[in-house]
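Asker: Read off the chains here:
2 protein chains.
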Amino acid sequence: MAAVPAWPPRSTPRLFVDEELHEGPRHIDGPPAHYLLSVMRLKIGDAVKLFDDRTGEWLAVVEATGKRDLQLQLRTLLRPREPVPDLWLCAAPLKKGRVDWMAEKACELGVARLVPVLTRRAVVGNPNTDRLRAHMIEAAEQCGRTALPELAGPVKLTALLREWPPERTLFFADEAGGEPAAAAMRARPGPAAILIGPEGGFDDAEREAIRALPQAVAIGLGPRILRADTAAAAAIAVWMSVAGDW
Amino acid sequence: MAAVPAWPPRSTPRLFVDEELHEGPRHIDGPPAHYLLSVMRLKIGDAVKLFDDRTGEWLAVVEATGKRDLQLQLRTLLRPREPVPDLWLCAAPLKKGRVDWMAEKACELGVARLVPVLTRRAVVGNPNTDRLRAHMIEAAEQCGRTALPELAGPVKLTALLREWPPERTLFFADEAGGEPAAAAMRARPGPAAILIGPEGGFDDAEREAIRALPQAVAIGLGPRILRADTAAAAAIAVWMSVAGDW
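If you're matching them up, the sequences are chains B and W in order.
Just so we're aligned, residue 1 is where the first sequence starts under the working numbering, counting upward by one.
Just so we're aligned, residue 1001 is where the second sequence starts under the working numbering, counting upward by one.
Check the hints yourself; a few may be wrong.
[Stated by the list, open to error] Okay, derived cross-link-like pairs now, DSSO-like style, lysine-lysine, Cα gap no bigger than 27 Å in a straight line: (1) K1096/W with K1156/W; (2) K96/B with K1095/W; (3) K1067/W with K1043/W; (4) K1095/W with K95/B; (5) K1049/W with K1067/W; (6) K49/B with K1049/W; (7) K43/B with K95/B; (8) K96/B with K156/B; (9) K1067/W with K96/B; (10) K67/B with K95/B; (11) K67/B with K49/B; (12) K1049/W with K1095/W; (13) K1096/W with K95/B; (14) K95/B with K1049/W.
Source of the hints: derived by calculation from the structure; they are not laboratory data.
From just these sequences and the hints, can you work out the full model?
Answerer: Given below as structure tokens:
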């Protein structure tokens, strides 16, 4: 593990900025400013780390503070945007709380893309993509990540399958079971995706359509019933450990 | 997969009862009765599944209902208590919300025992074991489980290590990294435990004490920082997939 520099301290706040960063001055206002001023209580001379999901993570220093805004000076690129294993998570929307947890875990575990998938039995119709993105940003800020999962627009399962990229394996967790996950994943290196159904499961027609896709591989996640968010985190972890960058 | 009988329906409510069940009449009152009467709206003739974490899962039929209580008749044992892989989760308390998720996931993923561990940097001092148990019971009820993780009393890390059973491997997720988890776990079959530190991590003395234990194996869960509840679920899933019953 690389030596940990003494400054800036580990507790230095990290903030995601949704545009390309570069050396020089930067003005911060709105909710991020409130967070830095009132929650983190930053003063002139304090450090902030900014990352943009493009160039990487930058060290910035507070040069001036107002009631509701700050002036930062971006000094140097600390780390380039990290490499991300080529795994997608395709998941049907879940109830609030569970879908938030799933989006956070997908981000922490290093998923490259999160694809909300609309299925027949999904209880929640329209996934709130702003909310999903906000949860992923928060997870990335707290866990020191310099990359965010891409967040695809919601897509119907039929369209997802119809447009499926031929070089990508689609591992799907089916209640009916399948090849044990670790073995199935270790045997098929390369770009991959995990498909998780809604709380009610896939219906028979959907399951047939998925199984009909040449790139689809049914995986078993053990003999116990797992909730959708648990299955997502478990399947991602297994993939990362046998086919990803663990 | 075994054929799914048509009755009782999949939506049949499941209830945990903390004493040994047997054929015959059973009176239900209090919160469980409220749940069955007012939430699930059960009527005479409806089915209920009861499980006790001892004998297994029983089919019961509603014979009479009152305002706040029901009389059930337990007819038959549907399934014996399921086998449980021999994995412990030893985890420092986390903030509410996160620790609840961790307890639920531990139950869903089939952990045999959950051991709350007190460390120096744990933000939360006294884990609320009633709350942990309630979350595990709910997860078991909803996921069709017939076994609950044992919930050990909170123990200080020093005592946990001092009394460590010699035949059990202790995989610990250390920020400093270790052997990739899948390989480390596959190479060491048998009774195991996963040790997860608090949100602030272990301090240096604790890390030394853990590493000094002959049965301890430091595992790496990838290059990304994972929150404690994520690390717990990920490590359990990997163990289940390479050394458990997946």
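Asker: Is it true that the CA of K67/B sits at most 27 Å from the CA of K49/B?
Answerer: holds (21 Å)
Asker: Would you check the hint for K43/B and K95/B, treating anything up to 27 Å between C-alpha atoms as holding?
Answerer: violated (40 Å)
Asker: Is it true that the CA of K67/B sits at most 27 Å from the CA of K95/B?
Answerer: Outside the cut-off at roughly 38 Å; violated.
Asker: Does K1049/W pair with K1067/W here, judged by a C-alpha cut-off of 27 Å?
Answerer: holds (21 Å)
Asker: K95/B and K1049/W: Cα distance at most 27 Å?
Answerer: holds (25 Å)
Asker: Given the hint that K49/B pairs with K1049/W, does the C-alpha gap stay at or below 27 Å?
Answerer: violated (53 Å)
Asker: Verify the proposed pairing of K96/B with K1095/W, using a straight-line Cα cut of 27 Å.
Answerer: It holds: about 19 Å lies between the C-alpha atoms, which stays within 27 Å.
Asker: Next pair to validate is K1096/W with K95/B; report whether the Cα-Cα distance is within 27 Å.
Answerer: It holds: about 20 Å lies between the C-alpha atoms, which stays within 27 Å.
Asker: Measure nothing beyond the straight line between the CA atoms of K1049/W and K1095/W; if it is 27 Å or shorter, mark the hint as holding.
Answerer: Violated, at about 33 Å.
Asker: Compare the distance between the alpha carbons of K1096/W and K1156/W with 27 Å, and conclude whether the hinted pair is satisfied.
Answerer: holds (20 Å)
Asker: Hinted pair, alpha-carbon criterion (27 Å max): K1067/W, K96/B. Please report holds or violated.
Answerer: violated (33 Å)
Asker: Is the hinted pair K1095/W and K95/B satisfied, with a Cα-Cα distance of at most 27 Å?
Answerer: Holds, at roughly 22 Å.
Hint violations for this structure: numbers 6, 7, 9, 10 and 12, all remaining hints satisfied.
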